[in-house]
Structures are given as C-alpha cells and as structure tokens.
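*Asks:* Protein chains in written order, with the working numbering: chain A, 1 to 353; chain B, 354 to 706; chain C, 707 to 1059; chain D, 1060 to 1412.
No wet-lab data here; the hints were simulated from the structure. Accuracy of the hints is not assured; some may be wrong.
[Said to hold, decoys possible] 25 Å max Cα-Cα, derived BS3-like pairs, lysine-lysine: (1) D:K1156 with D:K1223; (2) C:K1027 with C:K753; (3) D:K1132 with A:K73; (4) C:K803 with B:K426; (5) C:K803 with C:K779; (6) C:K803 with B:K450; (7) B:K517 with B:K529; (8) C:K803 with C:K870; (9) B:K674 with B:K400; (10) A:K97 with A:K73; (11) B:K450 with B:K426; (12) D:K1132 with A:K97.
4 protein chains.
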Amino acid sequence: MNTWGNIFRLTSFGESHGTAVGGVIDGCPSNITVDLDFIQNELNRRKPGQSDITTSRKEPDRVEFLSGIYEGKTTGAPMAFMVRNSDCHSEDYDNLKDVFRPSHADYTWYLKYGHRDHRGGGRSSARETIARVVAGAMAKIVLRENGIHIVAYTSQAGNIRLEKPYTELDFGNIEKTPVRCPDGETAAQMTALIREVQAVGDTIGGVITCVCKGVPAGIGNPVFGKLSAALANAMMSIPAAKGFDYGMGFEGVHQRGSEVNDLFYRTDSGSIGIRSNHSGGIQGGISNGEDIYFRVAFKPIATLLQPQSTVDTNGNAVIVKAAGRHDPCVLPRAVPIVEAMAAMTILDQLLLA
Amino acid sequence: MNTWGNIFRLTSFGESHGTAVGGVIDGCPSNITVDLDFIQNELNRRKPGQSDITTSRKEPDRVEFLSGIYEGKTTGAPMAFMVRNSDCHSEDYDNLKDVFRPSHADYTWYLKYGHRDHRGGGRSSARETIARVVAGAMAKIVLRENGIHIVAYTSQAGNIRLEKPYTELDFGNIEKTPVRCPDGETAAQMTALIREVQAVGDTIGGVITCVCKGVPAGIGNPVFGKLSAALANAMMSIPAAKGFDYGMGFEGVHQRGSEVNDLFYRTDSGSIGIRSNHSGGIQGGISNGEDIYFRVAFKPIATLLQPQSTVDTNGNAVIVKAAGRHDPCVLPRAVPIVEAMAAMTILDQLLLA
Amino acid sequence: MNTWGNIFRLTSFGESHGTAVGGVIDGCPSNITVDLDFIQNELNRRKPGQSDITTSRKEPDRVEFLSGIYEGKTTGAPMAFMVRNSDCHSEDYDNLKDVFRPSHADYTWYLKYGHRDHRGGGRSSARETIARVVAGAMAKIVLRENGIHIVAYTSQAGNIRLEKPYTELDFGNIEKTPVRCPDGETAAQMTALIREVQAVGDTIGGVITCVCKGVPAGIGNPVFGKLSAALANAMMSIPAAKGFDYGMGFEGVHQRGSEVNDLFYRTDSGSIGIRSNHSGGIQGGISNGEDIYFRVAFKPIATLLQPQSTVDTNGNAVIVKAAGRHDPCVLPRAVPIVEAMAAMTILDQLLLA
Amino acid sequence: MNTWGNIFRLTSFGESHGTAVGGVIDGCPSNITVDLDFIQNELNRRKPGQSDITTSRKEPDRVEFLSGIYEGKTTGAPMAFMVRNSDCHSEDYDNLKDVFRPSHADYTWYLKYGHRDHRGGGRSSARETIARVVAGAMAKIVLRENGIHIVAYTSQAGNIRLEKPYTELDFGNIEKTPVRCPDGETAAQMTALIREVQAVGDTIGGVITCVCKGVPAGIGNPVFGKLSAALANAMMSIPAAKGFDYGMGFEGVHQRGSEVNDLFYRTDSGSIGIRSNHSGGIQGGISNGEDIYFRVAFKPIATLLQPQSTVDTNGNAVIVKAAGRHDPCVLPRAVPIVEAMAAMTILDQLLLA
C-alpha cells in the first residue's frame, strides 16, 4: 500500500537511513514541460532547517529524475525520482535500537512486521514525505496549466489561532513568515509560542488551512469516491495528521440549515451564482466550481528533548530522550506537504472525471 | 465509483425513486452464520420515523438477499441484496423538476452528468445509505466473531455537547433515547433543541462519536492506506459529513507533546501497557490494540420547511419550500451509518493485513 | 473478486440455484438510450435450448433493471439488474451432494471455501455468464454509438476447422446456423460432429474467433495493461476457456519477421496505411486503428451423460453420470459471451484512455 | 498503468535511453532473506549476448536496491531498485528519429502520447523487462520458501517443436543449451534454425512452456480473477507475446470430454488423487494442487537487418534497416521473463487467497 491515486499515481519508497527516498509518478499527462527548478524549490520548502524554529539538521535534498522526461517534457512514461540520504548517522540511533518511543510508529510497526529499523523511524520517518512533495509539485505544474492553484498556510499553532477567513488574507505573505501564516501579527504570536515550547524541549500541534482555486465543477463522485472523502484520505495519510474538515466543518455544526445553506441566484449576466460557500466548494461529493477549502489538524511531534519513560522490546522500563536539536512544530514543514497531497488529489480526480 | 473496499467490498446501487436500492457484498469470509434478524434490525435503526424528532415518512424497508447464502451460512460467493422502494410518490417532487435546491447535490449532479432525476434526490438521496447499513451489519457479524465491537452515539447536537469522555458512558443507554445519546440529561437537552428547530421548519447539525473495541494491533498501513485515512475516507463518504478526527483530534492541537504522548510501561504481568490513549488506538497508521475512537461532524440537513430563494435550470429565480414533515436532525439516523462504515473499514483492513 | 473492469465495471452475483443471478454495471456514461429489447435479445442468444444441439433446459431468462435508468436513458448511476432463477429443481442434484464431479469446480471450490453448494455448480455454474452478457450488451450499445462493432463466431469445433480468414466471411450468416459459424458448409460439418458426440453422451471443444471493428488507435497501455493482456484476462475468465491468442497468434510462430512485419505505406490520400495485419490491430499493447481479432479455445464441457469414476467428499470411489439431456458443445452459447467480454474490455479501455 | 499486481506489486519505470530502468516492489512479506546473488544471476539470464544466437550488445546490468532491505532481510517496506543504462549511444538511433518501424510500438505510442522517443524504443523497449526479472526473482525467493518452484523452457522455435511432454524432460538441462530447451537433439535443431535465420538478418518466433510445481490448492478466484486469467494477463503483458494457453489448451480442443476429464480416485493412503492433468492444475479458476503448466507464443522480433519499406511521421515513404548485430530469436531471453511473471502471479494470488 505504498501507491496512491487512481490515474495520477505515486508509488513511494525509501526509509530514513536507506540509500535513498523517492517515488514513481505514473499517469502524468504527456507533453507537459517539467519545471525542475520549481520542483526543487517545493522540495526546499519542506526541508528542515529553514529557520530557527524548525529542526536544524542539514538535509541538502536534491531530486534526481531517472525516467519519463525527454527533451524537457513528460512522455507519458512513469517518472521515477530519488533523493539520496546523505546524512546517515545511523549510529546516532544505536541507543534506540530496542526502544519503543512513545507515540511513534515503532511499536505498531514491530507488531505488524515482526522487526524494526530503529534508525530515524525507518519507513515511518517523515522523510517519506519527500516523495509526496516532488509528486505534488509535478501535479501543481499540470494544474496551473489548467488554471488551478493550491495554497496552504498555518491557521492555528497551539492556542494561537488566526480568526480571519481565508478570503481576507494576502497569500503573498505566507512564505514571508517562518510559520507560514499570512497574517503578520498572528504569525508573530505563533512564532513566540513555538520558541517557548522549543526552549523546554517540548512540541506543539496546530492546524493548516488549504484553499484550492479554479477547480472546475463536476470533479468527484456522488457516493463513494466523494471529492471530500478523497481529500480526507489524502490528508489523513500525512504523518501526525489527526483531523480533517472542509467548508463549515466541525465549527459549523451548531448552526442551522437556514444559516448555512448556500443559496443560488441569478447573476447580472444571467448565469447561476452562489451567495455563500459554507459547502466548501463540494456538494454531494462533487465540486461546484467555488473555492474548495479545508483544514487539517496536526498533533505535536512525538520526539521530545525531555526524558520520557517507556519500554524496550523486552518490556523493560527505560527512559528515552532525544539528543541534539529538534523540531518543535510540524506546521511550517507540513504546509507544502498539505499542498502536495491536495494537488495530487485534485489532479487525480480531474483526470478521472 | 460505487464500489467500496479492498477485500471486503460493497458495490452499492439504487436511487430514491427507482425500483430498489441495494448492493453486492463481495469478499465476505465463507461459513459465517448470517443473522438476518440482526441485519433487519440494523436497517430498522436507520429508518426515518422512529421517533417524533425524525422524519415521519413510512419506509417499511425489508432487506431481501438474492445470493451468497446457503443453508443459513455465507458461501464465499457475492451476497446481493435489495430493498424495494415502496413509497414512490414521484409526483410529490414535480414542483422540483427544474429547481436546484440549495446545498443539495442537484446542481453538481447536473453539471457532472448532464441531466437530473429530481425525484427525492435520485442517486444522491440518503436512501443509498441502506446498502451501507446492510453491508455494515454483515461486517459487524464477522467482527463480533473476532471479538470486535463498534458503537457510535450522538455527542453533540447544535451547541449541546456531551462533555464526558466515552470511557465514562454506559453504551447500553444509547438506544434508549431518541437522539441516541447515552447521557440522559444531555440527551434531553438535545431533544429539546431539535424540537425547537423542528418547530420553525429548520435543521441543525452535530457530531457523532464512534468507538471500536477489540481491534487487534497491526491493522492498517504505514504510509498510504493508514487505518486513520481509511476511516476518514469511509466517514467522509457519508451524506452530510463535513469533518473527521480521531484520538485527540482538532481539540488536542493546542496541547504539547509532553502532555499527549502515550507512554508505554511494563504491566504487572510483564506485558507492555500504554498509560493513555491520545493516539486514539492508531500510531503511524497502524492499530496498536487500544480502543479506536473518532468523531464525525455533520452539517444541518439542507431540506427546510422554510422558503428559500434559488434558481431553476434556466437560471430563473424561484422560491423552494419543502412540504409535509421533515427531518430536523440527521444525527439519530446517522449513528448506525457511522457504525456500518466503521465496521466495513475495520473488517476490510483486518482481511487485508 | 467478482468485480471486473477499471472505469466501466461489472460486479456480478448469483449462483445456479439461488434466488437470482445478476450484476451491477458501474461507470456507464450518462444519457445513453438503453435499448432493452437489444439487451434481452443478447441474453436470449446465450440461452440454452435454442436448437437441438444445445441443452434443452428451459430458461426463460428475463432481465429486470433495478436502477440507473431514468426516462429510458442511463443516468450515470449504477445499473443493477437481475434474472430470477425460475428453474430450481435442486432435488435433481441431491445425488451429487457429496460428489466431486471430474473437471468441474466442485473440488477446488470445496478446498478454497470449506463447503459446497452442490446444486448445479453453485457460483461456478455457467449461469453467472448471464451477468456478462447483459453488461456486454450495454457496452455494445455505447460502442456502436462510437462506431465500434464486435462480432464472434465458431471457427473450430473438434477437428472441424474453418480455414478461411475472417475477411472472407459474411458475418450476416453467423446467426443462421445453430453452431454460429458463418460458412454454411463448415457449419454443417460442425453440426454433424456435435450430433455424433451428443448421441453418445459425450462433449467436444473448439475455438471461437472474435473481430472488433472501428476501435480507434491509442487504446491500451504500453507495459502493464496492454490491450492484448486485458483481452486475454477477459477471455480466460470465461468458463471452459483454455487459451487465447491474437493476430498471428500460436499459428504464426513458425514464420519469420520478414514475412509477418506489417509494413506502413503512404496511401493515395497521403495518410498512413498498413499493408497487412498480422499484429491483430495491437502493437506494443496499444490499438493501431486496424481490426482487432483474436481466438479463444474452449475445452469440452465436463458434464457427460456417460458414467465416470470419481470420489465423494469422504474419498470413497463413486460413479457419477448426469441425467436428462446435456449440452454437447459450449461454442454456440459461448459466442455471445466472448462478444460481451470483448465489448466490456474495449469500452473500459476506451474510457480509460 | 505501470503497476502490476494486487498484494505483491511491481511498479516499473525506465526507458531504453534514460538514466536507469527499475521498479518498486511493494507488498513483499517481511523478514525474508534477500539473496542478492540469485537476483543478479536471474538478471544475467535475460541479458543479451549470452551466446552467439542472441544479440551481442554488451549490457553489464547491475541491480542496485535503494530501500526495503535491512540487515539482509526484507522489512515490509517497498523495495526500490534500479539498473543504470550504461550503453546509451542515442546517436545510433538518429536515423530513426522520425521513422515508424514496422510492427514496433513507435506508431501506436505516437498516436497515444503525441510524441516519440525514438532512441531504442523508449519505454516500449525490451529493457523494461529488467524490472520484471528482478521482481520475479524476489518472488521466486519467497515462493521457494513455500516449496513452490517455477521453470520455463523453449518448446518451439519456428517449426522445430519439442513433442515430449514436460513430464519426460530433465529441467536440469535447460540452462545447458543456448536456446534453453532441455532436450539436446531438439535444442540443436532449434539452434541451427536460428543461425540460419540470423544469417539472413531475419528473425523467428516460437513458444515457451512454463511449469509451476508445488502450488497449493485454493489459489485463484471462481469468476473474475481466475488464476488462469491472471496468468494470461501476466504473460500477454510480455513484449512480443501473441498467445497463451494452459493445460490441454488450443491443442486439446478436438478432444472429447470423455478423453480429457481428469478423474478423481482414492489413493492407497486414502487421500484424493487425480488420474490425469488435462486441466493444467486449475479447475474453475482455482488451483487444485497439481502442476500448473501453460504455454506462451512469441512472434518473431520486429527488428530486422533486412531493408523494409515504411513511412516517417510526415507520411513519406522511407526504407529502414537496422545496423550492427541483432537478436534473431526472443525465446532464450524470454524464458526468465516468463518465469518471472509466473512467479509474481503465483505469489500475488497466494498472498491474496
């Protein structure tokens, strides 16, 4: 189950301390110009160490394509790519060899597969998201040729929450803040909170909001395979994701039908307009041409610089404590991953429709 | 895309005013005794008109199996079933023939398929959930032979919210209240709210919580196909679902890693225990043997007894207003649907593991 | 695994002596006029008892659609259909209750599923092909709107073989002979052979040739999912099928590349023509616009009116001998089944391309 | 559609003159010792230039695994591998830049994808079979731990045909002859024929027979997904394959049911035996525990050293003639590919059952 998608598909491979991580993109339309700089730049956005509130491990991840491109364009053949793992200090993890780290995948992986690769999380390492970001970047390239644009941002970090709706934000500001929040004041509060958490070796969760503009009507399916279900599936596959909602979501459940129904009206030009978008651009599982927007909740990263009690594979009580610097908040790095999974989902459903 | 699942699969069919709704269950293990009374009873639970706070349309839905059962047991062959649509007053819908009802699937269906069946929502009618409940009941039968039990209940209706965690509730009370909330006092408040909403022809949303007990460790996949993603996909395919979270979910994002990490410890018997369950029974996409619990947010039903402005297929402004009685809150009926989708997901992943 | 196809999909259900056999067609394009008479007529073509060289059991199979059609057209919703099993003399099979019939699926089904339904073959009965023929008829309706036509005929029965290539045959004669062979003289020889075999309670195998005209270039995939592989998969799923080849097939392996390469040339109108069609319309897995033709080998039906030694479920030696009349040759009935599977395959690949 | 399989899956990538060819194996059981020498040896078996009757291009193909192996064992994570394309004299193909070679995939690829990579066949090059052989070798390793062994051999080259059934052959002789035919005399005749064809720059087709021993009963499915259909699908996906049959196949269609039915009997030990195996180890789509055997027909390779008339992309008539040495017969190299696809199919169905 390392393949994702129906028509536009990603098969992902690689573990934290193997030779390389990468993937194979299948089903990409042919004759698309491949903007390698854009893809590398997207990959740089997920890289740790971009600011002092993210982990400082150096990962000079360079993507190399092995197939599927000829004279700068896609051929319709599968596009394999890889990023070599250059920073493999496996010995750093020797003390974790037999330890189940709390709230990591160590324990469940061990139960399922009967062994473990203790080095940096193995296959369950966040490094697997490299493949998502590369494939998502390729999807974005195809989507933008179709006038579809996808943007995500940090809308909540811990208890600091951006109250403005996305329609009042300037997305051009997202990349200007280390937390990838487009509202300067809120971003500053978030940054302060993350520093505070970081100072004590702790971590904090939050929420990312994503907006998809230009998605044509008619994408998705009415029963199973709803566009909303496909997006939920994609988002919940991201490491540390704990929740998904779209449109009015969890926060609108206290409202009444008369408050949230989206009314159709005749526009001045005679076409059909919709007065509001509580539906989040999806009705009955199918896109209606309005903006699609949704949220993804992330738990705090499980790796702490604080000592935690746990057990080893023999069931003996031990204390575990990560060394070096750590990543106090997943959100800034998760923004491009959310975008990537959204881009792949929208493109896949577009090709399927 | 009317087939769901990998190994245990449901192919669903039928629209509101066709001959029948039903489905085909494929991949059910053989030699399972089919408890038809249980299945019919599950179907009765989703039936409208069970109490005065749900719609009063009479739908004496009787399930009929057409194949796959021999001498009272499953054979391993596909199990087709159907429920005839007996209550087909198509003419009741004649005034909706060309109208796009606000926040229904009418408009998107029309854009996708180039036509519409205006009678009761057609394929997008909630009647398609009959197939889910029947297949889910069959999944429950298989699961309970494996010691796995699934229970859902209404945990929020409008702004009335059950604050107690599921561990403090007596699930035996769920079916005793019309809103399917196991806490008597909260249930009474919810019922009062729904009556109030109903009195003015309006509708209200809410949240259902679901708990899966006895799921063995090792179910689900580490990257794509996470058990959490499979559950999200299943839940978001339910009509009117707007959000999904599991474990600490959206409400835990403000907490710190040191607060929510689930610590392993050595039990008195020498086995490995887990002190808390903020993970919701799933770590790194794979079940860890603890209770799996999650929430599903539902929007208010779009059909109101109040007049609403909209347009018809020609773009002309019209007023739409449902007639007769209506369903002020989807929650009581959605409880068995959530359980059904959860049962199918858990069984499918169990057979896949 | 009772679902077939990628986009145009059939989920099949039903066993010989259950309530009904049928299926659910998913992914059929919307707004197609459903010619129910044509579908019923296709179903009649597979019916036993059409002539004295086929089995004489009466099966007045009437197809009933349960969903997916509105005002005579497809809606895009799944099309469920069923044919009731009216001729269920289960007691006729009581003597087979514990017997493994030679070269039937009794034994393997028992090993796989741990039980058996001895009545008429259960799920492995040829009655399951009813669902194929109905879905194939629907596929044919869609294909003919796209100028694609599919015809099959008996090209070999026992050692009687039609030597003429398909290009020299008048397909209008196929339905005029009981063996569905368009060459009158050969058909007469085949009929005589089948009568001879029938007279001694035996059965005989043969070959069906199928031709697909009007398939546009570009259907199929270059590596996995070759159009030739998809056709092989479809044909080998038909009961009693033992072989598949296309174009020059098995019979051309002794030829040299210089003899069988299909040469391109410039036509008078300046377009690209192909001088021969040893490729059978598929090159590198993808259709090239020429006629697609292939053959399917069928073994003799395993049910004989002769006594055969076998064992029962306890391993005791017993003699089995079918009663009443039997079907001496599967070919006439298999012709519409081959066409149906070809139509479904071509349409599915067309929708996927 | 570059992914193959249900549980044990191969995603294949790479074109003839790109950076590398390779694949990702997903779903391989964990804790299997990976015999890299065996895998490399299997790859060497498909290499051109092993004898003077195969093409002499040097391809020192070395397989490199990038993931999924830890301490010499499979981990359950996807196993990515690649083989670099070292012999990329793209300029050798410049004269083919705009030419459609007869009976190659050039023309259909161009029609499907709107462009072409003329260098050595691009994605449609036989180099893609490298991925199959590597994944097949891994499948063989898992199968042999389960007592399942798969062997293929050349049973017909041109009109030279090995008449002995497989049961009379010594498989230990297969690798001793350049044509991979275990019967010395027949092998000598085949070799002579191939040399003769080679001398005039021509090519010749043939048949490969494959035998699977030790496959347990119960593998495969009764309707769609028959084991025979899965094998047909796999074999027909091999480049140049034109036909597939199993058991009595095409050659038994002239026989009668009374001649070919496989009779059950009670063995001396009281178990159930089968007197013959015309069924080829599969009855009703499901394995019965006997040997599975089947044949695959291959056309002559389309690349000739003789001049052939064709057209270019502009429709102009041109003459094409391959340079250097060529491969007069695909059979010796196809033997390990047939084995690989058989191994993958059997393992996939075994894991699915």
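*Asks:* If you test the structure against every hint from before, which numbers come out violated?
*Replies:* Result: hints 1, 3, 5, 6, 8, 10 and 11 break, sorted rising.
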